[in-house]
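Taking the hints into account, I'd like the entire structure generated from these sequences.
Residues in the sequence shown are numbered consecutively from 1, following the working numbering.
Simulated from the structure, these hints should not be mistaken for laboratory data. Accuracy of the hints is not assured; some may be wrong.
[Said to hold, decoys possible] Here are the simulated SDA-like cross-link-like pairs (lysine to any residue), alpha carbons at most 20 Å apart as the crow flies: (1) Lys57 <-> Leu33; (2) Lys57 <-> Gly32; (3) Lys57 <-> Gly31; (4) Lys57 <-> Phe27; (5) Lys57 <-> Glu71; (6) Lys57 <-> Ala87; (7) Lys57 <-> Gly105.
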Amino acid sequence: MTDFADRAPYARLTPHQMLDALAAAGFPITGGLIQLNSYENRVVQAALEGGAAVVAKSYRPRRWNDDQLLEEHQFARELDADDLPIAAPLVLASPHAHPALALVGDPPTLGHWQPEGDPDDDDRTPSPVYRFAVAPRRAGRAPELESPHTLAWLGRLLARLHTVGARRPFVHRRTLDCDTYGTQAIARVERSDLLTRAQ
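Structure below.
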């Protein structure tokens, strides 16, 4: 395998492998798959038998750890339990105990999928483990920000979100501040070969 696959974390994750992971987790897929927009992760909508659909998110490798993802899932499920409009991760199952699938969490909302290596690989490099979660498909739309009623509703929604979030401290979440997403990021770019001195 070229070093491109090492630098591009999703280079070896195919739509077929994503469908296999969903089937192994017990979802009655039809094979229909639509790529959705995502900056950081690989996100698809998968059609299910009977006309329903789910959204599957494959997390960028080496970006988060299980504890961070499960903490995020727990928070989303708490928001859902308090009736906030969110597509919380579904509890995963493995009805056929697929050897490439491991379920993580209590309840298990995170899947580890390690597809078989590519038979076309000369060196038979093992596939990486891909973390994924599945949520129900929820339609949405951009709010009418000019409407005072909408702004008041958004304010109440944010207050409810913060109320649920204040119930327990986040232990594993990354810190988002000027140092972690400013100073450190600038230093990484300056140390790299991304920019020439003239830039």
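Each hint tested on the structure:
no.: 1; hint: Lys57 <-> Leu33; result: 12 Å, holds
no.: 2; hint: Lys57 <-> Gly32; result: 16 Å, holds
no.: 3; hint: Lys57 <-> Gly31; result: 16 Å, holds
no.: 4; hint: Lys57 <-> Phe27; result: 14 Å, holds
no.: 5; hint: Lys57 <-> Glu71; result: 16 Å, holds
no.: 6; hint: Lys57 <-> Ala87; result: 12 Å, holds
no.: 7; hint: Lys57 <-> Gly105; result: 16 Å, holds
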